[in-house]
Amino acid sequence: MAGIPQFRRGAGRSGKLFGMSMGSIFVLLLMSSRIFGAEIGLIEARELSRTTGAWVVLDGRPKAQWQAGHLPGAHSFSWENYTRTDEKGVQFKVHPPRELAAALSALGISEKTPVVVYGDADTSWGGEGWLVWLLSWLGHQGEVRILNGGIQAWRAANLPLRTGAETYHGPRLKYRVALQPQLDISTGELQKNMGKVTLVDTRSAWERLRGGIPGAVAISWEDFYTGKDRHPLPSGELKKLLAQNGVDPRKPVVYFCAGGIRSGYAWMVHRLAGLPGGRNYEGGMEEWKRLGSP
Numbered sequence: 022m023a024g025i026p027q028f029r030r031g032a033g034r035s036g037k038l039f040g041m042s043m044g045s046i047f048v049l050l051l052m053s054s055r056i057f058g059a060e061i062g063l064i065e066a067r068e069l070s071r072t073t074g075a076w077v078v079l080d081g082r083p084k085a086q087w088q089a090g091h092l093p094g095a096h097s098f099s100w101e102n103y104t105r106t107d108e109k110g111v112q113f114k115v116h117p118p119r120e121l122a123a124a125l126s127a128l129g130i131s132e133k134t135p136v137v138v139y140g141d142a143d144t145s146w147g148g149e150g151w152l153v154w155l156l157s158w159l160g161h162q163g164e165v166r167i168l169n170g171g172i173q174a175w176r177a178a179n180l181p182l183r184t185g186a187e188t189y190h191g192p193r194l195k196y197r198v199a200l201q202p203q204l205d206i207s208t209g210e211l212q213k214n215m216g217k218v219t220l221v222d223t224r225s226a227w228e229r230l231r232g233g234i235p236g237a238v239a240i241s242w243e244d245f246y247t248g249k250d251r252h253p254l255p256s257g258e259l260k261k262l263l264a265q266n267g268v269d270p271r272k273p274v275v276y277f278c279a280g281g282i283r284s285g286y287a288w289m290v291h292r293l294a295g296l297p298g299g300r301n302y303e304g305g306m307e308e309w310k311r312l313g314s315p
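Numbering-wise (our numbering), the sequence shown opens with residue 22 and increments by one.
Certain hints may be false.
Said to hold, decoys possible - Using 25 angstroms as the maximum straight-line C-alpha spacing, the simulated PhoX-like pairs for lysine-lysine come out as follows:
no.	residue 1	residue 2
1	Lys217	Lys310
2	Lys114	Lys84
3	Lys261	Lys109
In case anyone wonders, no lab produced these hints; they're calculated from the structure.
With these hints in hand, go ahead and build the complete structure from the sequences.
This is the structure:
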């Protein structure tokens, strides 16, 4: 397993590993506060309007919503167009990294390009959070900003929108992937470490009635934003929300939903709050039902 410290035998009375089990190493890796890749933060609508030329802007809502009205120059990058049913029959699985890199390259984005992501935390089903997670998982090195309050905040500031499709005609940059697997978790890895992580189910109550992953804490993804413009929860409010539901953020936290989209939004809020150890179970319940449940 790459990145795990190596220890020598025989350098003590017992000849045991240096007091660290594989389980404790797993937890330390999950809890590391150093996440390689994108620097993630918020940007306000007025600030973005003044600095639009410094960013490539991605719209995480469904393509039809983007065509009906979007920020000038924004490209559509909805989860609906970049997930698929895989060879095992699992729905909503993210496209292979090579295909994602090609799609980003076609929009003039390299791994170092500063990117702003927005949605509406409504029709997008949290797709803006999924997109931030996706860029981080791919190992994006440029700044990534989330438009605080989404397109609602842009409209509230009376800033201009464009309608119809826009096609990118600029240079095609190469996007070099440096995958960050610690931001995802496979079903097999989750099964092996069930007692070492806190699972947070971000689905709705009616979905949970149809089954879930044993031991998961229920917190709807809608609890991760606030206000009419649906701003991501501030750090203090997120910590309070987690504490009220018995989630200790000092322990590794794995968010999941049906297929990694809404849980991607929860993961984004976790990262914005500066909390360590967050992962998005991208396969979600769709994968668990096929591969994980007894």
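So, going through the hints one by one against the coordinates:
1. Lys217 - Lys310: Answer holds: lysine 217 to lysine 310 is near 21 angstroms, not above 25 angstroms.
2. Lys114 - Lys84: 18 angstroms, holds
3. Lys261 - Lys109: 39 angstroms, violated
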